[in-house]
Amino acid sequence: DAGITQSPRYKITETGRQVTLMCHQTWSHSYMFWYRQDLGHGLRLIYYSAAADITDKGEVPDGYVVSRSKTENFPLTLESATRSQTSVYFCASSESVLANNEQFFGPGTRLTVL
Amino acid sequence: AQSVSQHNHHVILSEAASLELGCNYSYGGTVNLFWYVQYPGQHLQLLLKYFSGDPLVKGIKGFEAEFIKSKFSFNLRKPSVQWSDTAEYFCAVRPYGNNRLAFGKGNQVVVIP
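Residue numbers (our numbering), protein chains in the order written: chain A, 1 to 114; chain B, 1 to 113.
Quick caveat, the hints were computed from the structure, so don't treat them as lab data. Ideal Cβ positions, reconstructed from N, Cα and C, are used throughout, including at glycine. One or more of the hints may lead you astray.
Derived Cβ-Cβ restraints for the label pairs, each shown as a range [claimed, not checked]: (1) B:L56 - A:Q18: 31 to 37 Å; (2) B:G28 - A:E59: 16 to 22 Å; (3) B:E20 - A:G40: 46 to 52 Å; (4) A:I54 - B:S26: 27 to 33 Å.
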C-alpha cells in the first residue's frame with residue numbers, strides 16, 4: 001500500500017530555475033493539496049484540487065503553478081524559483097470533504113533555493 | 001478566513017509529566033477539528049479528530065482532546081508523556097463542508113528522559 005508519495009525528497013536549485021515537485025497517491029482520493037511548512041508559520045496551503053482538471057488557490061499561491069490531468073498526480077511547479085521559496089513542501093490527499101475524512105500527508109520535499 | 005491559535009510554541013518537560021496544548025479557533029459555524037503530530041524528520045500523522053458526538057476524543061498513543069464549543073477550543077492532553085512524544089503538534093480546523101484545513105503554527109514539544 002504505497003499511499004501518498006512525493007519526489008524528489010530533497011532538492012537544491014538556483015534562483016530563477018524552474019522546479020517541479022511531484023505528488024502521487026494510490027487511493028484515488030478526489031482532493032489533493034499542497035502545503036509549505038516554514039518555521040513560525042506552521043503549514044500554509046498553496047493550492048488544492050477537488051478533482052482532475054479542477055484546481056484552486058490557497059493561502060500562498062504566488063510563484064507556484066499546479067496541474068491535475070490525472071486523479072492520482074498533482075505536480076507543483078515553481079516557474080522561477082526564489083530564495084523565499086526555500087521550504088518543506090507537503091502534499092496531502094483526502095477522499096471527500098463532506099464525509100468525515102481526514103487529510104493524509106506525504107513524506108515531504110525539502111527544497112533549498114540558492 | 002478562519003484562524004487557529006496555538007499557545008506556548010516551545011514546551012520542554014520531563015518524562016511522566018502531563019502535557020496540555022491549547023488550540024483556539026475563530027469560526028462561528030460547525031467545524032471539524034484535528035490534531036496532527038510530526039515526529040522529527042517525518043511527515044504529519046493524525047493523532048485524533050472530532051466531527052460530532054462526545055466532545056472528549058481519544059486518539060492514538062494515549063492522547064485525548066476536548067472540544068469546548070463555547071470557548072472555541074480543542075485542547076490536547078496526555079497524562080504522562082514519554083521521550084518518544086518529542087515532536088511538533090499541529091491543531092487544524094476545517095469548517096464543515098469546506099475543503100480547506102487551517103493549521104495553527106504548531107507546538108514544538110521536547111520530552112527530556
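Comparing the hints with the structure gives:
Distance hint check: the CB atoms of L56 (chain B) and Q18 (chain A) are about 49 Å apart, inconsistent with the given range 31 to 37 Å. With their beta carbons about 20 Å apart, G28 (chain B) and E59 (chain A) fall inside the hinted range of 16 to 22 Å. In this structure the supplied range 46 to 52 Å is violated for E20 (chain B) paired with G40 (chain A), their Cβ-Cβ distance being about 22 Å. With their beta carbons about 28 Å apart, I54 (chain A) and S26 (chain B) fall inside the hinted range of 27 to 33 Å.
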